[in-house]
Structures are given as structure tokens and as C-alpha cells.
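**Student:** As a plain string of letters, each chain reads:
Number of protein chains: 6
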Amino acid sequence: MKLRIVVPIITDLFNQEVVKEVAQFKAPDTEIDVVNIVRGPASIESRYDEMLASPVIVEKVVQAEKDGFDGVFVDCFGDPGVHAAREMVRIPVVGAFQPAALTASLIAGRWSVVTVLKSVVPLVDDLGRKLGLSQNIVSIRDIDTPVLELQDKGVLEKKLLAQIELAVQEGAEAIVLGCTGMLGLAQTLEKTMGEKGRAVPVVDPTAAAIGFLELLVRSKLSHSLLAYPYPPEKERKF
Amino acid sequence: MKLRIVVPIITDLFNQEVVKEVAQFKAPDTEIDVVNIVRGPASIESRYDEMLASPVIVEKVVQAEKDGFDGVFVDCFGDPGVHAAREMVRIPVVGAFQPAALTASLIAGRWSVVTVLKSVVPLVDDLGRKLGLSQNIVSIRDIDTPVLELQDKGVLEKKLLAQIELAVQEGAEAIVLGCTGMLGLAQTLEKTMGEKGRAVPVVDPTAAAIGFLELLVRSKLSHSLLAYPYPPEKERKF
Amino acid sequence: MKLRIVVPIITDLFNQEVVKEVAQFKAPDTEIDVVNIVRGPASIESRYDEMLASPVIVEKVVQAEKDGFDGVFVDCFGDPGVHAAREMVRIPVVGAFQPAALTASLIAGRWSVVTVLKSVVPLVDDLGRKLGLSQNIVSIRDIDTPVLELQDKGVLEKKLLAQIELAVQEGAEAIVLGCTGMLGLAQTLEKTMGEKGRAVPVVDPTAAAIGFLELLVRSKLSHSLLAYPYPPEKERKF
Amino acid sequence: MKLRIVVPIITDLFNQEVVKEVAQFKAPDTEIDVVNIVRGPASIESRYDEMLASPVIVEKVVQAEKDGFDGVFVDCFGDPGVHAAREMVRIPVVGAFQPAALTASLIAGRWSVVTVLKSVVPLVDDLGRKLGLSQNIVSIRDIDTPVLELQDKGVLEKKLLAQIELAVQEGAEAIVLGCTGMLGLAQTLEKTMGEKGRAVPVVDPTAAAIGFLELLVRSKLSHSLLAYPYPPEKERKF
Amino acid sequence: MKLRIVVPIITDLFNQEVVKEVAQFKAPDTEIDVVNIVRGPASIESRYDEMLASPVIVEKVVQAEKDGFDGVFVDCFGDPGVHAAREMVRIPVVGAFQPAALTASLIAGRWSVVTVLKSVVPLVDDLGRKLGLSQNIVSIRDIDTPVLELQDKGVLEKKLLAQIELAVQEGAEAIVLGCTGMLGLAQTLEKTMGEKGRAVPVVDPTAAAIGFLELLVRSKLSHSLLAYPYPPEKERKF
Amino acid sequence: MKLRIVVPIITDLFNQEVVKEVAQFKAPDTEIDVVNIVRGPASIESRYDEMLASPVIVEKVVQAEKDGFDGVFVDCFGDPGVHAAREMVRIPVVGAFQPAALTASLIAGRWSVVTVLKSVVPLVDDLGRKLGLSQNIVSIRDIDTPVLELQDKGVLEKKLLAQIELAVQEGAEAIVLGCTGMLGLAQTLEKTMGEKGRAVPVVDPTAAAIGFLELLVRSKLSHSLLAYPYPPEKERKF
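Residue numbers (numbering that gives the first Met the number 0), protein chains in the order written: chain A, 0 to 237; chain D, 0 to 237; chain S, 0 to 237; chain H, 0 to 237; chain F, 0 to 237; chain E, 0 to 237.
Source of the hints: derived by calculation from the structure; they are not laboratory data. Do not rely on the hints blindly, as some may be mistaken.
Given that identical chains are not distinguished, each listed pair holds provided it fits within a single copy or across any two copies.
Stated by the list, open to error - With a cut-off of at most 35 Å between alpha-carbon atoms, the simulated DSBU-like pairs for lysine-lysine come out as follows:
{"#": "1", "residue 1": "65", "residue 2": "158"}
{"#": "2", "residue 1": "158", "residue 2": "190"}
{"#": "3", "residue 1": "25", "residue 2": "236"}
{"#": "4", "residue 1": "117", "residue 2": "195"}
{"#": "5", "residue 1": "158", "residue 2": "236"}
{"#": "6", "residue 1": "19", "residue 2": "117"}
{"#": "7", "residue 1": "152", "residue 2": "236"}
{"#": "8", "residue 1": "19", "residue 2": "152"}
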């Protein structure tokens with residue numbers, strides 16, 4: 000199976016790391032290909048950024064289908080462009096939120112998200128409402144750190160741990176990392192929490208997304224045409 | 000008060016009618032100005048159309064604030080670009096869904112939407128979930144007619160009546176017209192239903208939107224900066 | 000348009016202030032008239048008070064329709080008598096809760112109420128459930144102060160600020176003042192919060208109510224006859 | 000235990016029948032006493048009727064406590080005056096809706112109400128929302144018959160059966176009779192449905208109410224003072 | 000009426016106490032009979048324990064019906080085996096959760112559970128979801144004490160009080176004791192809370208269960224055959 | 000990866016077919032092993048059957064972990080024994096409902112289940128409530144056919160199609176086959192619906208379950224210890 004990852008920002012800062020990370024949990028017969036977008040924002044932290052990135056994301060998804068890929072992962076927690084893109088192709092398209100939220104709902108009854116910035120919290124709340132499982136979300140916490148400052152893994156881990164502990168105290172039974180830029184930390188965090196006697200699974204949204212695409216492709220499933228019909232033909236000016 | 004209406008399609012087919020309609024229910028000191036978008040779709044009937052229209056809508060909203068307008072109505076039932084636009088300005092911005100849905104929830108306990116096409120139903124369902132009042136929505140029905148074929152008022156009225164009657168049978172206590180292109184019919188429909196002994200209020204989303212903008216401007220209220228913070232500064236390529 | 004405000008308590012303590020406040024945000028062609036009730040409680044802080052006030056409120060609403068008013072605002076946060084009154088008239092009737100809650104749901108995803116007394120909290124919770132948007136309510140907080148002790152604006156402002164800050168910490172993106180006796184403070188509170196770097200819109204329920212009545216009257220909408228049919232004729236002894 | 004039934008209408012049309020009915024399912028040591036109200040409506044079929052009856056109901060409940068009764072049943076499906084009355088006494092007070100709805104939720108996952116008139120449906124919907132278990136209600140159906148025309152048991156039974164069958168088809172696993180005037184029919188209806196191979200329990204709200212009062216009194220429980228505090232002292236004019 | 004209590008653990012540690020407790024609040028004509036199970040766990044604190052106990056519980060319920068009992072109380076807060084047992088008999092069968100949760104929802108708008116161990120919290124959360132009234136549950140707290148260590152009433156009372164106070168601070172208007180082993184304390188706790196000026200009703204789940212059985216038996220109601228049909232005949236190997 | 004499938008019935012009627020079906024959609028490095036249970040019911044169509052099968056299912060899951068398997072699929076739509084089993088092992092354990100329901104929620108906004116018998120409908124409703132996504136379920140329909148009579152694929156397909164068409168008319172955008180005995184039909188049904196112009200994805204719960212296990216194992220995730228702690232040690236008699 001051939002999957003394309005669309006990293007929907009104009010920097011390739013995360014590309015290498017994504018490939019490396021994905022290599023650890025993809026199936027052996029899954030081939031991964033990563034592309035960036037050329038126009039759009041340097042990172043996605045607002046509805047405005049999502050809006051700017053979406054048209055280029057959809058182009059990339061349409062191209063992926065033409066290029067023969069079996070599925071596309073739009074590598075951003077906010078699922079930008081994902082729903083519009085589904086209207087244009089028949090191969091499965093996932094962002095990071097839906098797979099992570101659904102996976103968390105299987106391994107735990109109630110879970111929390113830990114994301115980058117307080118400004119992103121309302122966006123995540125909306126995603127939960129749209130997916131129909133707000134009842135499972137204990138809280139949406141943040142580490143008060145922009146996406147482009149996630150590089151220092153030591154600092155990042157410390158900030159995440161602090162929020163994860165608060166989430167567990169609030170009743171979270173699992174944690175969803177609320178940004179696909181928080182790479183390579185899920186298992187470390189889970190281990191550290193375990194050593195503190197508060198073992199809690201930490202869902203890496205990238206892992207969940209790739210796993211969900213593999214599930215869909217192998218099951219020969221894709222998004223519903225009743226939910227995502229092709230847009231009617233009409234004049235569209237660019 | 001000066002309000003700008005952004006008709007988010009590349010045709011000015013509805014502009015005249017909108018101005019005429021709004022004149023009937025705006026406050027005497029409200030000045031109305033209508034603009035179209037120059038790039039985007041001829042009509043909005045899918046997430047793809049919404050995505051295409053959104054960046055230009057946001058530009059128009061930002062320009063409206065610069066031009067000294069007190070509020071902006073994005074004249075489309077799906078609220079395209081509204082949430083991203085709110086992040087860029089401090090004047091109130093509304094689409095048609097939120098004002099209509101909230102107005103319906105005041106005048107009735109449970110209500111239905113009658114929209115244009117079955118393909119739009121999932122989009123309206125999402126809007127209801129995001130606004131947190133799905134419990135009030137009895138059904139989302141459609142008249143199986145594209146936006147650009149709503150001109151024949153006789154046919155349109157007949158199709159709407161058929162769906163409104165079904166909605167009332169299902170328990171709807173009010174009706175929301177699910178497209179801002181269904182102009183000038185709300186009161187006629189309400190009257191006809193009354194004559195059939197099934198009086199039901201019909202919410203014209205344009206009327207609700209203008210009324211809500213007037214409410215917000217006079218109350219000196221606008222969208223929350225906590226819910227719609229300005230996007231952080233960063234590189235954004237176009 | 001002529002609107003009547005029914006202040007549903009036997010003191011005219013708030014009348015002057017209400018007129019002054021409403022003058023600031025009503026439309027220029029809206030004429031306001033204020034009346035009190037002659038029997039009933041000195042203030043409304045319990046279901047018992049609401050029950051005592053309701054029959055007189057309904058009389059006043061019926062009289063307002065006979066007097067040619069276009070709409071009535073029952074000036075109390077708990078919407079006392081509003082739903083019964085709607086069964087008796089065809090002009091729009093609003094209390095303060097519904098307009099404020101619906102307005103808050105447009106400008107923010109999740110919001111809190113700050114009301115007078117802990118004993119009122121369950122009543123507000125019920126109002127949210129009935130309106131179908133409990134999901135949007137973060138918390139219902141109180142300032143532990145009876146309605147008739149709200150006169151000292153300095154003390155009141157301080158108490159409100161303390162609760163607003165707690166609400167914002169809990170995730171509230173907007174605040175609804177949970178008593179119509181908290182007059183003239185919404186903008187000051189909003190400004191003070193902004194100066195503290197925690198800008199949050201504060202909904203004055205009186206402003207929202209007048210705005211909603213104007214919206215309804217101009218849109219030629221009123222409560223649904225299917226939701227609020229005239230009570231069947233029968234013997235009723237007084 | 001001494002229980003008082005307040006039949007909140009100005010006719011004693013149902014009193015004898017209520018006493019007879021209750022005798023069949025009360026505990027042997029439960030003494031029943033029935034009173035009417037002297038002012039108010041001939042029957043309760045609207046919010047307006049509920050409002051008119053409530054003050055006299057509360058007087059009767061307060062008197063019952065003074066008279067040494069252990070609990071009060073306000074014998075009407077809409078729970079009129081019940082919540083205000085609870086603020087004035089410490090003995091348990093129930094209407095018919097809450098006990099019936101809670102009992103139905105124990106014996107079935109999802110259930111329907113069959114009530115008298117379509118105009119009552121929105122009131123029942125509100126009661127379900129306030130009690131927090133709307134999710135369990137499949138539908139609220141009506142037999143299009145006013146309370147004061149329920150005397151012909153043959154006709155009544157036939158009309159109820161028709162609606163019960165529709166409710167079962169919709170997925171109802173139990174039925175709640177939505178008016179306390181539908182006396183003495185629950186078991187017959189259940190038996191007839193069983194003979195048709197569609198056995199479904201039918202909850203007589205009067206039976207559920209008496210049973211719940213007995214449960215509360217024997218368990219030494221009553222409504223919470225935190226939910227129903229005594230109204231603060233203040234001037235109240237009549 | 001003859002009721003059988005099935006204490007679903009292999010120790011008779013609680014039997015005497017249960018009989019004594021129930022004697023205080025049962026109706027005079029209710030005869031109580033207590034049995035244990037012979038195989039299964041020493042206490043029930045996990046889904047695994049529930050699973051082990053369930054087959055024997057169902058046997059005991061079936062036997063109770065054969066023995067002519069009118070109803071069965073499965074004396075455990077988690078309702079183990081209750082739903083399977085209902086498929087096998089026509090007499091009413093209740094556990095402790097459903098009666099307690101429904102009773103709490105009548106006497107208060109929102110309430111909390113205080114249970115034994117944190118490990119039980121997810122089980123209680125599930126029970127609330129299944130019963131359709133999660134909206135009424137403020138929190139599920141625990142005293143960090145296994146069932147078999149509840150004997151020291153002094154310590155138990157102290158631990159319960161600490162959690163009850165926290166629950167009331169969170170907004171709970173009533174408390175449900177989340178283990179049927181917390182016998183004989185409900186009224187003491189309620190009294191102590193009242194003396195602290197925080198009067199809150201405390202629901203003893205055993206009292207609620209017996210009361211609900213009496214209600215059902217007297218009302219001639221039992222669980223719905225549509226919700227709990229007899230299992231189809233087929234081969235079943237043991 | 001080595002996955003074990005526990006077919007929780009005493010007949011090996013479905014084993015061969017399961018292996019064949021799974022071969023079509025598993026990853027190339029996934030090894031599948033199928034076992035039956037030796038005690039329990041011939042099929043699972045009631046809570047009683049689930050209860051009988053559960054203890055043996057848990058034994059099999061514990062054995063699978065000892066045998067070095069990486070995950071276990073309990074091959075039944077009702078997830079029997081799954082939650083108890085999770086308390087006893089650290090490898091991921093899934094039934095068929097959770098994976099299918101979560102997959103459907105990603106590919107469609109609202110979906111329906113088509114199951115075997117009306118008697119199973121309340122069980123599926125409960126599963127949806129527990130998983131917290133009832134809002135996404137349009138309806139739970141049945142083909143009125145016991146599990147052991149699903150062998151005639153022609154008849155089965157026809158019956159399923161009839162219900163799927165009704166579900167689509169009700170608004171379902173995807174279909175979940177509500178029994179793991181409906182093997183090998185998902186794609187045929189999807190194709191036939193597509194040919195009728197009503198293309199709708201049909202989720203085979205077996206495919207979803209295997210895919211979810213692969214996702215979990217590759218992501219190094221399993222159920223939360225906070226949600227599924229090991230049962231405390233104590234005496235347990237068999």
C-alpha cells in the first residue's frame with residue numbers, strides 16, 4: 000500500500016522526523032511518501048491558518064489520488080482541508096484528530112487532549128463536537144508553546160508531563176497529544192507516567208492516523224459518498 | 000450603523016433582491032452595503048465551495064473593518080469563512096446559520112431546517128453540532144434543487160411547502176430556511192401554513208442575521224477574543 | 000416599534016436605571032415603556048418568587064398586547080411567566096435568559112453565567128437544559144449577594160470580577176450576567192478584564208433581550224403557535 | 000404513613016376514582032387523603048393552566064405539611080407547582096411525570112409517552128430535558144382528546160392502544176401514560192398488547208408517584224435543600 | 000410481598016447487617032429473605048468480579064422466581080448479572096445503581112457518587128451512560144478503601160464525609176453512596192452535613208432498591224419483554 | 000504480529016470462513032490463529048448468552064497472552080467478555096462493536112447498524128451509549144434472522160439490502176453490519192447499493208476489528224490501566 004503524507008506547512012522542518020517516526024509503526028508493505036505545501040502558513044495554529052492551507056492541501060490530495068496513492072494523511076491535528084478533500088477523491092483521507100480521538104475512545108472511557116496553545120483549545124472542542132464524542136473528552140489542556148518552538152524535546156517533555164499529570168487528576172484515562180509536531184514522545188511519556196505509578200496510554204496522533212489509513216485501505220473502505228458527495232459542477236473562478 | 004453584506008459567490012444574481020429584502024426588516028438607522036466576491040464558486044453547495052470562497056470572504060471582511068463598517072453579514076447559510084474571519088477583525092461577523100438557529104431556538108422548542116440539496120444535509124448537521132444545540136433540531140430536509148435554480152418563486156414555494164408540512168408532521172414547531180437564496184418567501188410560507196391550520200413560524204436566515212448584527216453592534220458586543228484570538232504572527236506564503 | 004418592559008417585582012427600584020440603560024442600546028425608532036407589578040415579590044430569587052410573580056406578569060403581557068405594544072421584555076433573568084404568557088398573546092415575549100444565552104452561544108463556544116445567589120444556580124441549570132444548550136455552559140457561578148443588595152456598584156463590580164476571573168480560568172470564553180439587576184456594568188467589566196490581558200465579552204441580558212425583541216419584531220417573527228398554542232377554553236376560577 | 004393527594008383542578012370529577020385506584024397499589028400502612036383546589040382551572044392542559052393552579056397547589060402542600068402528612072402527590076402529569084412547593088416544605092412532594100419517567104427508565108431502555116393533546120407535547124419534552132433523560136424518550140404521542148373527555152373508558156382505551164402500537168413500532172420498550180386522568184387502564188392496555196404479541200409495560204403515573212413517595216418516606220429522604228432552598232425572606236404582596 | 004436479597008459474594012459478612020438495615024425502611028407487609036452465592040468473588044470491585052459472580056447470581060434469581068418471590072434485589076452497586084437475569088424471569092430484578100441513581104435524580108438536579116475505589120469509577124461512569132442520565136452526575140469520587148475494609152464505621156464515616164464535602168463544593172445537590180457495603184451511614188452523614196450548614200441528602204442504595212422493588216410489585220410492573228426478551232432456545236454447554 | 004481470534008461459541012461453524020475472510024484484509028506480516036470456546040452458547044443473541052460465554056472468553060484471552068500473542072479479537076458484535084478480559088491482560092483486546100462503530104464515525108457523520116434480531120437492538124443501543132457516540136447512530140435495524148440461520152448468503156444479502164435501503168432513507172451515511180456472522184458480504188452490499196445510485200459504505204466489523212488491533216499493536220498502545228486496572232487480589236471460589 001502506498002500512503003502519502005501531506006505536511007500542510009511551508010517548512011520541511013518536520014518531514015525527516017515524520018518519516019523516521021512513521022517507519023516505526025507502519026506495516027512492512029506500506030510505502031510512505033511525504034510532501035509539503037508550497038503556499039500557506041509556516042505552522043497551523045488558528046482557523047485562519049487552516050483556511051490558508053486548505054486549498055493547497057486539497058490540491059495535494061487530488062494529486063495523490065492521480066499519482067496512484069491508496070490513502071492520504073493530512074499531517075495536522077486540526078484536520079485542515081480534510082473534509083473538503085474527501086469531496087474530491089475516493090481514496091481515504093484522514094487528518095490527525097479523528098484517528099486519535101477514535102483510538103483514545105477505544106482504549107479508555109474518558110480522555111484528555113494536551114495541545115500547543117490555549118488559542119487552539121476552541122478548535123479542538125469543535126472537532127470533538129463534530130465527531131459526536133464530546134462526552135468522552137475530560138479536558139483540553141495546553142503547554143503554552145507555539146508549534147515552531149517544539150524542537151527542544153527536553154523542555155517539551157517536561158511541559159507535556161505537567162499537563163498530563165493534571166489531566167489524569169481530572170479523570171483522564173488516556174492522553175491524546177494534540178499536535179502532530181509532538182513527535183517521538185508518546186512512549187517516553189507513557190513510560191515516565193508508569194514509573195510515577197500513574198500509567199496512562201499516550202496516543203501519538205501520527206501513529207493513529209497511519210494505522211487508520213491502513214485499516215481503511217485493507218478493509219476497502221473510504222468516506223461515504225452520502226456524507227461527502229462530489230461537489231456539483233458549476234463555474235468556479237480562481 | 001453601517002453593515003456590509005458579503006454575498007460570497009461570483010455572481011451578483013442575488014444582490015438586488017438581498018438589498019430589497021433587507022430594506023424591509025432593518026432598523027431605520029442601519030445602512031446596508033452589498034459586495035460580491037470576485038474569485039470563488041458560482042454558488043456554495045459543498046465543503047469544497049466553502050473552502051474556495053473562504054479566503055476571499057476573509058479579505059472582504061477585513062476590508063469592511065478598514066472601511067469603517069460596524070458589522071459584516073456573510074450571506075450564506077453554511078457560515079463559510081465566518082470563523083476564520085472573526086480571528087482577523089474585532090467587528091461582529093455572522094453567517095446565516097448561527098443567527099437563524101438561535102432565533103428558532105427562542106421561538107420554538109424543536110425546529111427543522113429545509114435546505115436546497117441532500118448533499119448539504121451533513122454540512123448543516125455539523126453546524127448544529129458545533130453550535131451545541133443538535134437536541135433542538137427535529138430534521139434537516141431538502142427540496143432537491145440547486146441554489147442557482149431557486150429563481151422560479153412559484154416552484155420554489157411549492158417545494159418548500161411540501162417539505163415544511165413533512166417537518167411539522169415530524170414535530171417541528173418552527174422552520175429555518177436553509178439557504179439565503181430562498182428570499183422573500185418566509186412570510187408567504189408562514190401565511191399559507193396558517194391557512195392550512197398548521198401555523199408555523201418560518202425563519203428567514205437573512206432577517207435573523209441582520210437582526211443579530213444590530214443586536215451585537217448596539218450592545219457593543221462582538222465575538223470573544225478567547226474563542227477567536229488573532230492568529231500568531233508567522234510566515235505565510237501566497 | 001413600541002416595546003414594553005415588565006419589571007416583575009413590586010418595587011420600582013430598578014425602573015429608572017433600566018430606562019437609562021436601555022436608551023443606550025435600543026434602536027432610534029424603538030419606544031420603551033416600563034411598568035412594575037403590583038402584587039408579587041420584592042425580588043425574584045426562587046421558584047416560589049417566580050410562581051408568585053407569574054400570574055401578574057401574564058396579565059401585564061396581555062395588557063401590553065391590548066395596548067398595542069409590539070413586544071414585551073419580562074425583565075428578569077429566570078424568564079418568569081414568559082412561557083405561560085406566550086400562550087396568551089401573539090406579540091413576541093422574552094425574558095432575559097434566553098436572549099442572553101443565545102447571544103453568548105454566537106460570540107463564544109462555551110460561556111459561564113455569574114448570578115446573584117447559590118440558591119439560583121439550579122434554576123439557571125434548568126433554563127439551560129430547557130433551551131437545549133447545556134453543552135455550551137462551562138459553569139454557573141454566584142457572587143453570594145441578594146438582588147436587593149446590588150446597589151453598591153463598586154462592591155458589585157469587585158465581586159463580579161472575582162467570579163469572572165474564575166470562570167475564565169475554567170474555560171469560559173464569554174460571560175453572561177445572571178441577573179437583570181446587574182445594570183450598567185457589562186462594558187466596564189469587559190474593559191477591566193481586557194486591561195488584565197483576559198479580554199472576555201460580558202453579555203448584559205437586558206441589552207440582549209431588547210435586541211432580540213427588535214430582531215423578532217422587524218423580522219415579523221413570534222413564538223410558534225405549535226409550541227405555544229392558546230390554552231383550550233374551559234372554566235377557570237379565581 | 001399518611002400521604003395527601005392534591006388533585007389540582009377545581010372539579011372533584013376524578014377524586015373517587017383516584018382513591019379507588021390508589022387503594023390497589025398502596026402499601027397496607029399507607030393512609031391516603033385527597034383534596035382539590037378551590038381556585039384554578041377545570042383541567043390542566045397548558046402552561047397557563049399550570050401557572051393558575053400552582054399558587055393554590057403550593058398552599059395545599061404547605062397545609063399538608065402542617066397537617067402532619069408525610070408526603071404529597073400533586074396529581075397531574077406536568078408536575079405543576081411541584082418545584083416551587085418543594086422550596087416551602089421538607090416533606091417529599093412529587094408530581095406524576097418524574098416518578099413515571101424514572102420508573103420507565105428502570106424497566107426499559109427507551110420509552111414513549113402517550114398524552115392527551117398535541118398542545119401538551121412541548122411541555123412533556125421540557126420535563127424530559129429538565130430531568131436529564133431525554134435520551135431515553137423515543138416519542139411523545141397524543142390521543143387528541145382533552146382531559147375532561149377521558150371518561151368514556153372504551154373510547155379512551157381504543158385511542159391509547161392505537162398510539163401505543165405506533166410507539167412500539169418506533170422502538171418504545173415501555174409506555175408512560177401522559178395524563179393522570181387515564182386511570183385504571185394501564186394493566187388492561189398491557190394485557191391487550193401482550194395478547195397481540197407485543198407485550199409492553201404501561202406505567203400508570205399515579206402508581207409510580209405513590210410508590211416513589213413511599214420509597215422516599217421509608218428511606219427518610221426528601222428533596223435536597225441545596226436544590227430547593229427556602230426562599231429568602233422578603234416583602235411579598237398578594 | 001416477598002422479596003429476596005441476593006448478596007453476590009461468597010462471604011456472609013454483610014448479611015446480618017443488611018437484614019437489620021432493610022428492616023428499618025421496608026413496608027410492614029414486605030418479607031425479606033437473604034441469600035449468598037457459593038461460587039464467585041469475596042467482593043465485587045472490578046468487571047472481572049462482576050463476570051465471575053453473574054452466572055451464580057442469575058441462578059439465584061431464577062430460583063427466587065421458582066420459590067415464589069415477588070422480586071429480587073441483587074445487592075451490589077454495579078448491578079452485576081441484573082440485566083442477564085431479567086431475560087430469565089418475569090419478576091422485577093434490581094441492582095443498587097439504577098434505583099439509587101433514579102432516586103437521586105428526583106430529589107436533586109445534579110448529584111455525585113462516592114464509591115470505594117478509584118478502579119470502580121469507570122464502571123460507575125458506564126452505568127450512568129447506560130441509564131441515560133450522565134448529565135445529572137457531577138462527579139464520581141472514591142474513598143480509596145476496598146469493600147472488605149469498610150467495617151470500621153468511624154473511619155468509613157470520616158472518609159465519606161471528606162469526599163461528600165468535596166462533591167458538594169463541586170455542585171452536587173445530593174450524594175449516592177456507591178457501594179452497598181456502606182450500610183447504616185446515610186442518615187448520619189446527612190445529619191453531620193446539615194450540622195455543618197451544608198445539608199445534603201445521602202441516598203442509601205439499599206433503601207432505594209427495596210423501595211423500587213416495592214413500587215414495581217405494587218404497581219404490577221416489571222422489566223419490559225421488548226427490552227429483555229427470553230433468550231432464544233439453543234444449545235448451551237456448561 | 001500474531002493475533003488470536005476467539006470465536007466465542009461452541010460451534011466451529013464460522014471458523015473456516017473467518018480465516019478466509021481475514022486473509023483478505025490483514026497485513027502481510029500478521030499471523031492469524033482461531034480458537035473456539037468449549038463451554039458456552041451455540042450463538043450469542045442475548046445478555047444471557049454473553050454472560051455464559053464471558054468467563055471462557057476471558058480464559059482464552061489470558062491464555063492468548065501467555066501464548067505470546069500480540070492481540071486478541073473476540074469475534075462477536077456485542078463485545079462479550081471484552082471489558083473483563085482487558086482487566087486481566089496487557090495486550091490489546093477488541094470485540095467487533097467498538098472498532099466498527101469508531102470506523103463508521105470516521106467515514107460518515109451518521110450511520111446505522113443492521114443486526115440479526117430485534118431482541119439484540121437494546122444491547123446495541125447500550126453499546127453505543129457506553130462508547131459515548133449515540134449521537135452518530137441513526138437507527139439500529141434488524142433482519143429478523145437468528146445467527147445460526149445466516150448461512151444462506153443469497154437470502155441474507157436480500158434481507159440486509161432491504162434494511163440498508165431503509166436506513167439510508169432515514170439518513171444513514173454508512174452501514175455497520177451488526178453481527179460478525181454476516182461474513183463476506185460487505186463489499187457486495189456496497190456494490191449493489193452503488194448500482195442503485197445509493198452508494199453507501201458497509202463496515203464489516205471483522206475487518207474493522209483486525210485493523211484496529213494492527214493499529215494498536217503497531218502504535219504500541221493498549222487499553223488504559225486507569226480504565227482497566229488489574230482486579231485486586233482476593234478470594235475467588237469456582
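**Student:** First find the shortest C-alpha distance between residue 158 and residue 190 inside one copy, then the shortest across copies, and answer within, between, both or neither for a cut-off of 35 Å.
**Tutor:** both (16 Å within a copy, 32 Å between copies)
**Student:** Can you give me the call for residue 152 and residue 236, within, between, both or neither, at a CA distance of at most 35 Å?
**Tutor:** Answer is between; shortest inter-copy Cα gap is 28 Å, intra-copy 45 Å.
**Student:** When no copy is specified for residue 25 and residue 236, does a C-alpha distance of 35 Å or less occur within a copy, between copies, both, or neither?
**Tutor:** For residue 25 and residue 236, the Cα distance is within 35 Å only across copies (32 Å; inside one copy 40 Å).
**Student:** First find the shortest C-alpha distance between residue 19 and residue 152 inside one copy, then the shortest across copies, and answer within, between, both or neither for a cut-off of 35 Å.
**Tutor:** within (16 Å within a copy, 46 Å between copies)
**Student:** First find the shortest C-alpha distance between residue 158 and residue 236 inside one copy, then the shortest across copies, and answer within, between, both or neither for a cut-off of 35 Å.
**Tutor:** between (46 Å within a copy, 31 Å between copies)
**Student:** Given identical chains, is residue 117 near residue 195, meaning Cα to Cα at most 35 Å, within a copy, between copies, both, or neither?
**Tutor:** both (27 Å within a copy, 17 Å between copies)
**Student:** Given identical chains, is residue 19 near residue 117, meaning Cα to Cα at most 35 Å, within a copy, between copies, both, or neither?
**Tutor:** within (29 Å within a copy, 38 Å between copies)
**Student:** As a check of your reading, is residue 65 near residue 158 (CA-CA no more than 35 Å) within one copy, between copies, both or neither?
**Tutor:** Classified as neither: same-chain Cα gap 42 Å, cross-chain 37 Å, threshold 35 Å.
Checked against the numbered hints above, the structure violates only hint 1.
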